[in-house]
Amino acid sequence: MQPITNMERPEKILLSHGSGGRASRRLIEEVFLKNFTNPQLAPLDDSAELPLKERLAFTTDSYVVKPLFFPGGDIGRLSISGTVNDLWMKGAKPLFLSASFIIEEGLEWELLRRVAASMASTAKEAGVEVVCGDTKVVEKGGADRLFITTAGVGRIWSGVEVSGAGAKPGDVVICSGTIGDHGMAILSRREGIEIKSPLKSDCAPLTPLMERLLKETTGVHSLRDPTRGGLATTLNEIAHSSKVGIFLKEEEIPVREEVRGICELLGFDPLYVANEGKFILILPAEEAQRALRALRSHPLGRDAQVIGWVEEEPEGVFLKTRIGGTRPLLMLEGEQLPRIC
Amino acid sequence: MRNESRLAQGLLHKIEELATEETNLMEVCGTHTMAISSSGIRKMIPRTLRLLSGPGCPVCVTPAEDIDWIIEIARLPGVILATFGDMVKVPGSASSLEAEMAKGAEVKVVYSPLDALQIAERNPKRRVCFVGVGFETTSPTVASTILLAKKRGVRNLFIYPGFKLIPPAMGFLSEKKEAKIDGFICPGHVSVIIGSRPYEFIPKRFGIPCVITGFEPLDVLQGIWMLLLQRANNHPRVEIQYRRGVTEEGNPCALASLERVFVRCDSQWRGIGVIPSSGLGLNQEFADYDAKRAFDLPKPKPLEPRGCICGPIMMGLKVPPDCSLFGERCTPQTPVGPCMVSSEGACAAYYKYGET
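So the protein lines, in turn, are chains A and B.
Just so we're aligned, residue 1 is where the first sequence starts under the working numbering, counting upward by one.
Just so we're aligned, residue 342 is where the second sequence starts under the working numbering, counting upward by one.
Rather than coming from a laboratory, the hints here were simulated on the basis of the structure.
Be aware that a few hints might be false.
Short, incomplete list of chain A residues facing chain B, as computed with Cβ under 8 Å [claimed, not checked]:
id, residue
1, K12
2, R22
3, A23
4, K66
5, L266
6, G267
7, T321
8, I323
9, G324
10, G325
11, R327
12, P328
13, L330
14, E333
List of simulated lysine-lysine pairs, DSBU-like, C-alpha gap at most 30 Å [said to hold, decoys possible]:
id, chain 1, residue 1, chain 2, residue 2
15, B, K384, B, K633
16, B, K384, A, K140
17, B, K449, A, K200
18, A, K12, B, K384
19, A, K66, B, K518
One side of the interface only, derived from the structure: several residues of chain B facing chain A at Cβ under 10 Å [claimed, not checked]:
id, residue
20, Q350
21, L352
22, I382
23, M385
24, G426
25, K430
26, E439
27, V533
28, E541
29, V604
30, T672
Because the structure is a prediction, the values reported are computed rather than measured.
Just so you know, even glycine gets a beta-carbon here, dropped at the ideal spot from N, CA and C.
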């Protein structure tokens, strides 16, 4: 067959491969899943459940956010809460974390002190201990100032059985708060943008909120934090793993005015913007009110809202628009914003 | 039912009453295409109404020749290329800026041409080239940037002039009559700058109704209704639905800066052809800022991708699902044609919002 274009095949890793959307998925499938096959990794949930006597969850994440300090947080706070939240998304109460640092030669000592202090206070908030770690210093230009990797182990809450493949027809979809805050707070501080806004990242460990929720409700089917790729991508992953249709009402999705404004100005869609201290909860409709009460009783879940429901088919995510139309809501294509977490 | 949904139902009802015969309306601007797709309007309006996407996506109508040229500039040692993000993925004949970035070219994505000026001032020993692609919404900000650069004595900033004008393209399509266009949903942002007068020749010469329309879903529905009403009353003219942003005379300050810096020229529109007096080049006084002059590069021989029907789509002759590449070999991740790359491209809108 004739080539349709003589465009070179991209043989290098592009920023879009780190977007959390379709390109990242392809990278994981084509490079990593080919080499690592086991039942713990296969579901590609936020944490893996370990096949041990006690039900433990295990996860890891790297943090390369730019800038290192942003409104509402910093790379240290992010590196603790991100991993803590991934454990919670498997229904696991975080116990122990590790932390590794890749430091570029020339980084200010004082800055590292501030990051470590921020990690310590966030860990305290989350009720976890950082029990091991590593530092490597690379030559100038070998990294961009500071990268952090954390890993965590948690104990799965008794009786909880959550998975991205767990959504069922008759369930409702709850969003724990306003979406897009983290991504737009970071963007507003990027070089060359400089938007003055009171917007802050929602980056926080979800521990107090999750404890309330899991105490008050039973039968939670899915939990996910919509980080890279945003709400739309996360719900697509759940819809396809669970083989169900997820229907959302646009007007019920909580978005701050300032987030909507910055998104419109810069051409972003809040449904695809990264979040940090928010999660999606899917559970049977009869549990919805109890879950909402539990969530709204804590500041982190004050704006929690039922945003949609689950049907048997068609498989995928669908948005009922403000004016009454319906359209499919697809996964993130390409890259929305690099180095957001 | 919430208020917005109720208003939409009311407008849809009025539209249904008037949409008794087959009618093609062209939304000229890419932002309208996105608004229509993202709110699901295409599936809500009567089947007799067809909404055609027009040539109003700046990235889409930039010819491959320009893209190749820009890529060549980015490859030059010591050059910093500043561009709006949309241009990064557009495929030229053999590469894209994204691919060049992965190979080490210094390409900065900026949100304003003033950022390019700042980059030039911070890097006085480097040559900085800003990719000047866009319509009347973008070109005044570039004109102001050039005026400021001249005032501050900045000599290392260059503009690649790829600016285009909307009304001549609408006139070209009306004149050609290849697609049957029964009304134009005229762009809102462009009209904030140019006002409503530059469209007046369209109803006068071609009898085609024009309504300058805003970008909220309700704006679009009201714009459609106003076009149908003009047709029903057989009184084609230019009307402004987007009153909260557009006046008859436009923005005199922006128009004056365009006048000061640019001169009209014929321009090549990708997939459509050369449209007389539809482009803006730098005038004699500002010729030193012209990247085409400053970077003396051989004229590229562009290759258009085979099988791509972006041209006919932008002329209202086809819709994206008509293309055999659409959604198969051509997706936003691996775009073949420009209408799939741009966030305002018709193919990207249809794909993103699942209108297959």
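These are the hints, each one checked on the structure:
Proximity of K12/A to chain B holds as hinted, the smallest CB-CB distance being about 4 Å (cut-off 8 Å). The closest approach between the C-beta of R22/A and any C-beta of chain B is roughly 6 Å, which is under the 8 Å cut-off, so the hint is satisfied. A distance limit of 8 Å between C-beta atoms decides the matter here; for A23/A the minimum to chain B is near 6 Å, and the interface restraint holds. Of the supplied interface hints, the one on K66/A is violated, with its beta-carbon coming no nearer than about 14 Å to a beta-carbon of chain B, more than 8 Å.
The closest approach between the C-beta of L266/A and any C-beta of chain B is roughly 7 Å, which is under the 8 Å cut-off, so the hint is satisfied. Contact between G267/A and chain B, as hinted, is supported at the beta carbon level, the nearest pair being about 6 Å apart and thus within 8 Å. For the restraint placing T321/A at the interface with chain B, the shortest Cβ-Cβ distance is roughly 5 Å, inside the 8 Å limit, so the hint holds. Interface restraint check: I323/A against chain B, minimum CB-CB distance 4 Å, threshold 8 Å, status holds.
A cut of 8 Å between beta carbons decides the hint on G324/A: the least distance to chain B is about 5 Å, and the hint holds. Interface restraint check: G325/A against chain B, minimum CB-CB distance 2 Å, threshold 8 Å, status holds. Against a cut-off of 8 Å between C-beta atoms, the interface hint on R327/A holds, since the closest Cβ of chain B lies about 5 Å away. Proximity of P328/A to chain B holds as hinted, the smallest CB-CB distance being about 3 Å (cut-off 8 Å).
Restraint check, L330/A versus chain B: the minimum CB separation of about 6 Å is within 8 Å; hint holds. The restraint placing E333/A at the interface with chain B holds, with a minimum CB-CB distance near 4 Å, inside the 8 Å limit. Of the supplied pair hints, the one linking K384/B and K633/B is violated, its CA atoms being roughly 45 Å apart against a limit of 30 Å. The straight-line distance between the Cα atoms of K384/B and K140/A is roughly 56 Å, outside the 30 Å bound, and the hint therefore fails.
A threshold of 30 Å between alpha carbons decides the hint, and for K449/B with K200/A the separation of about 26 Å falls inside it, so the pair holds. For the hint linking K12/A to K384/B, the alpha-carbon distance of about 40 Å lies beyond 30 Å, and the restraint is violated. The hinted pair formed by K66/A and K518/B fails the criterion: a straight-line CA distance of about 52 Å is larger than 30 Å. Residue-level restraint check for Q350/B holds (minimum Cβ-Cβ distance to chain A is 7 Å; threshold 10 Å).
At about 9 Å, the closest approach between the beta carbon of L352/B and any beta carbon in chain A falls short of 10 Å, and the interface hint on this residue holds. Annotation: I382/B was flagged as interfacial toward chain A, and the flag holds, the nearest CB pair being 6 Å apart, inside 10 Å. A hinted interface residue such as M385/B counts as satisfied when its beta carbon comes closer than 10 Å to some beta carbon of chain A; here the least separation is about 5 Å, so the hint holds. With 10 Å as the threshold, the beta carbon of G426/B comes within range of chain A, its nearest partner Cβ sitting at about 8 Å, so the hint holds.
Proximity of K430/B to chain A holds as hinted, the smallest CB-CB distance being about 7 Å (cut-off 10 Å). For E439/B, the interface hint holds, since its Cβ comes within 10 Å of a Cβ in chain A; the closest pair sits about 6 Å apart. Because the closest C-beta pair between V533/B and chain A is about 15 Å apart, greater than 10 Å, the hint is violated. Evaluation of the E541/B hint against chain A yields a violated restraint, the C-beta minimum of about 30 Å exceeding 10 Å.
Checking V604/B against chain A: minimum C-beta separation of about 30 Å lies over 10 Å; hint violated. For T672/B, the suggested interface contact is upheld, since its CB lies about 7 Å from the closest CB of chain A, less than 10 Å.
Of the hints listed earlier, those the structure fails to meet are numbers 4, 15, 16, 18, 19, 27, 28 and 29, in rising order.
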